[in-house]
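Please model the complete structure; the sequences and the hints are all you need to start from.
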Amino acid sequence: MAEVLVHVEGLKKYFEPHQTLMQSIGSNKAGKVIKAVDSVSFDIMKGEIFGLIGESGSGKTTTGKLVMRLLKPTAGLIQFDGEDVTKLDKEGVKEYRKKVQMIFQDPYASMNPRFKIRDVLEEPLIIHKIGAAFEERKKLIVKALEEVKMMPAEEFMGRYPHMLSGGQRQRVATARTLILNPKLLVADEPVSMIDLSTRAEILAMMKDVQEHLGLSYLYITHDLSTARYFTDRIAVMYLGRIVEMGKADDIIDHPLHPYTQALIQAVPEPESGKVETIKELPIFGEIPSPANIPSGCRFHPRCPYSAAECSVDPEPELTAVDASTGLGVDHFHACKRWDRLKKS
Amino acid sequence: MEKLLDVQNLQMHYFTSKGAVRAIDGIDLTLMAGETLGLVGESGCGKTSLGSSILRMPSPPGRYVSGKILVEGRDIIPLSEKEVRKDIRWQKIAMVFQGAMNCLTPVYTIGKQMMETLNVHKEVPKAEAEALIKEYLGYVGLPAEVMTRYPHELSGGMKQRAVIATALFLRPSVVILDEPTTALDVIVQAEIINLLKKLKAQFNLSFIFITHDLALEAEVADRICVMYAGRIVEIGPNADIFGKQGPAHPYTQRLLAATPRLFKKVEKLQFILGTPPDLIDPPKGCRFNPRCDRAFARCHEEVPPLEEVEPGHFAACWLNSHS
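So the sequence lines, in the order shown, correspond to chains A and B.
In this text, residue positions in the first sequence follow our numbering: the first is 1, and each later residue adds one.
In this text, residue positions in the second sequence follow our numbering: the first is 1001, and each later residue adds one.
Hints listed in this document are in silico derivations from the structure and should not be mistaken for laboratory results.
None of the values given here were measured: they were computed from a predicted structure.
There's no promise every hint is true.
[To be verified] As a list, the in silico DSS-like pairs of lysine-lysine whose alpha-carbon atoms are at most 30 angstroms apart:
| id | chain 1 | residue 1 | chain 2 | residue 2 |
| --- | --- | --- | --- | --- |
| 1 | B | K1265 | A | K207 |
| 2 | B | K1264 | A | K274 |
| 3 | A | K274 | B | K1265 |
| 4 | A | K274 | B | K1003 |
| 5 | B | K1200 | A | K274 |
| 6 | B | K1018 | A | K116 |
| 7 | B | K1198 | A | K279 |
| 8 | A | K65 | A | K183 |
| 9 | B | K1264 | A | K46 |
| 10 | A | K279 | B | K1244 |
| 11 | A | K139 | A | K207 |
| 12 | B | K1268 | A | K143 |
| 13 | B | K1092 | B | K1126 |
| 14 | B | K1244 | A | K274 |
| 15 | A | K99 | B | K1268 |
| 16 | A | K32 | A | K72 |
| 17 | B | K1284 | A | K149 |
| 18 | B | K1122 | B | K1068 |
| 19 | B | K1265 | A | K279 |
| 20 | B | K1264 | A | K247 |
| 21 | B | K1264 | A | K149 |
| 22 | B | K1092 | A | K279 |
| 23 | B | K1264 | A | K279 |
| 24 | B | K1265 | A | K183 |
| 25 | A | K46 | B | K1265 |
| 26 | A | K207 | B | K1268 |
| 27 | B | K1268 | A | K247 |
| 28 | B | K1134 | A | K279 |
| 29 | B | K1197 | A | K279 |
| 30 | B | K1198 | B | K1112 |
| 31 | B | K1268 | A | K183 |
| 32 | A | K274 | B | K1198 |
| 33 | A | K207 | A | K247 |
| 34 | B | K1265 | A | K247 |
| 35 | B | K1268 | A | K274 |
| 36 | A | K274 | B | K1092 |
| 37 | A | K279 | B | K1200 |
Below is the structure:
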């Protein structure tokens, strides 16, 4: 059994609404609490790529920010290498960031345009006071650039971000995270702004780096197709909760939760013969506001299989499926009626 | 079938201080009534430039260099802006721009913004216009009360529906859709695609569907037109490109291989090395040659013509050429 790197348990992040002018003069009732992440539990193993899948508003990015400790959780536990990181002070968080680094979605916005690549990579070293002189830091910069195959490294160090393609920028962004020798990379939609032709190249590079350095990734995306290729395990989030979790192949070949099934059916496949058909999606309406979460199973108003029991509290918890069913080992779902659904 | 649109040898270049960017460089294209033509390629291949050129509004500093755009037989390039507004734009050809749903003015209601579009082109009494707006909101599956809502009160999918309703307002026969679902979640994307298919049948529309996502084209387009560096490299029926036979041009082949498949797990996804060329000084011969692993001497010298490889299926590649 692999060792656990990150242990998340009952993690919650509630955002209190700002008081608006209208409320302060008493003409409007107070806003509601936004439950962006509402009791989420998962483990990320050492050397594992863990995918967090969901639509906008599912809380996947907020979960990533909590793990990064860019946000302070409302409740719950995050253990990193056995150490509780939810109560770290400012200095503690700074130390923690050496071990947990982030790759952002937009490689165009995540780099200072006035910095040369050398400066982009040197900045984290200066912040964390690593390397006494530039020569010492330069060695680390070259090593990081070579790790992401930006060679010759010396030449790229002198360039500005605008001189690089989107793919190359994402390589630099990866190098910038590697320079501090982290154990976990949180990658929030790292390829969604990159051209399809280069997406695979960046994912392949990230996978090579991960295998070479034995890193763990928290890969946050809405794209199931890349998740299947890239991740070991997947957790599907809906409205602040994990509704299904398991090995990537099990989730996609045997989705158990109706929401996962709808997500999978919505993905376009490059095959002929579908132009004339209207896709029947087993889901109703739109995702509700996280300020107004439905009772019982929070998916029930959109679920075509829901019955009376689904709208009643308590909410279904993540439950492991019996391995003898052939639906996978360590495959969890949060659906009361999962065994009575029409199989897609 | 009736030919709605006939683009002949179109060249549209952006005249910048560094030189002319040859964004559209010799394109021949037809659109038949009732057809959905898919336009694919990487960013910077000229998909959007072609779309806005067909609408007779190339973005500055773009100018037509040569060629014709025949709309129902009439060349629209020499027309005055006034004539284009009166007869062509939004009347015959409408466009849903990329990211249009995020370009709605935050300070006006949806109804007011739709009214504006209507008033630019037609004089309609207010009551009648409001009735019309409600009617069109209904067609795209939105309740009439959306009229009084502001953009921030709507979800992405709802905003995109409102933008589509606005494009249909003046009953165009051709709608150019530029990445209409790119910023949306996958379930909302599937719903918008379903909606577009229904509207197409209901209003006898023809679509030019622009996206970088080949998988999405497979679901919507009758014919697929693949652009690379301002030119068409392959054009053919959906059943050829996505069927057993597969694409004929190495670029399309590589693009398809780079598309991740949900139900087919691969150990290593393929990708295309390099980036599309600088169109101020594009490579000699076939413009894909610097990135093509099957290029040979001729590819570096001569431009391959579009040649028929199967009935109705054309590719511009010396590998398939008979000449």
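Against the 30 angstroms threshold, does the CA-CA distance of K1092 (chain B) and K279 (chain A) hold or violate the hint? holds, 29 angstroms
Please work out if K274 (chain A) and K1265 (chain B) have their alpha carbons no farther apart than 30 angstroms. The given pair, whose Cα atoms are some 21 angstroms apart, holds under the 30 angstroms limit.
Agreement of K1264 (chain B) and K149 (chain A) with the hint, judged by alpha carbon distance not exceeding 30 angstroms: Within the cut-off at roughly 28 angstroms; holds.
Are K1122 (chain B) and K1068 (chain B) close enough, with their CA atoms no more than 30 angstroms apart? The given pair, whose Cα atoms are some 27 angstroms apart, holds under the 30 angstroms limit.
Does K207 (chain A) lie within 30 angstroms of K1265 (chain B) when you go C-alpha to C-alpha? holds, 15 angstroms
Given the hinted pair K1200 (chain B) and K274 (chain A), is their Cα-Cα distance within 30 angstroms? Holds - the C-alpha atoms of K274 (chain A) and K1200 (chain B) are around 15 angstroms apart, at most 30 angstroms.
Taken at face value, is the distance from the CA of K247 (chain A) to the CA of K1268 (chain B) at most 30 angstroms? Satisfied, since the Cα-Cα distance of roughly 18 angstroms is no more than 30 angstroms.
Does the alpha-carbon distance linking K1264 (chain B) and K279 (chain A) stay inside the 30 angstroms limit? Roughly 20 angstroms between the alpha carbons, so the hint for K1264 (chain B) and K279 (chain A) holds.
Taking only the CA atoms, is the gap from K46 (chain A) to K1265 (chain B) under or equal to 30 angstroms? holds, 23 angstroms
Does the structure keep K1244 (chain B) and K274 (chain A) at a Cα separation of 30 angstroms or less? Judged against 30 angstroms, a Cα distance of about 15 angstroms means the pair holds.
Please verify whether K99 (chain A) and K1268 (chain B) have alpha carbons no more than 30 angstroms apart. Holds - the C-alpha atoms of K1268 (chain B) and K99 (chain A) are around 28 angstroms apart, at most 30 angstroms.
Proposed proximity, K1003 (chain B) with K274 (chain A) (alpha carbon, max 30 angstroms): With a Cα-Cα distance of about 24 angstroms, the restraint between K274 (chain A) and K1003 (chain B) holds, given a limit of 30 angstroms.
Checked against the numbered hints above, the structure violates none of them.
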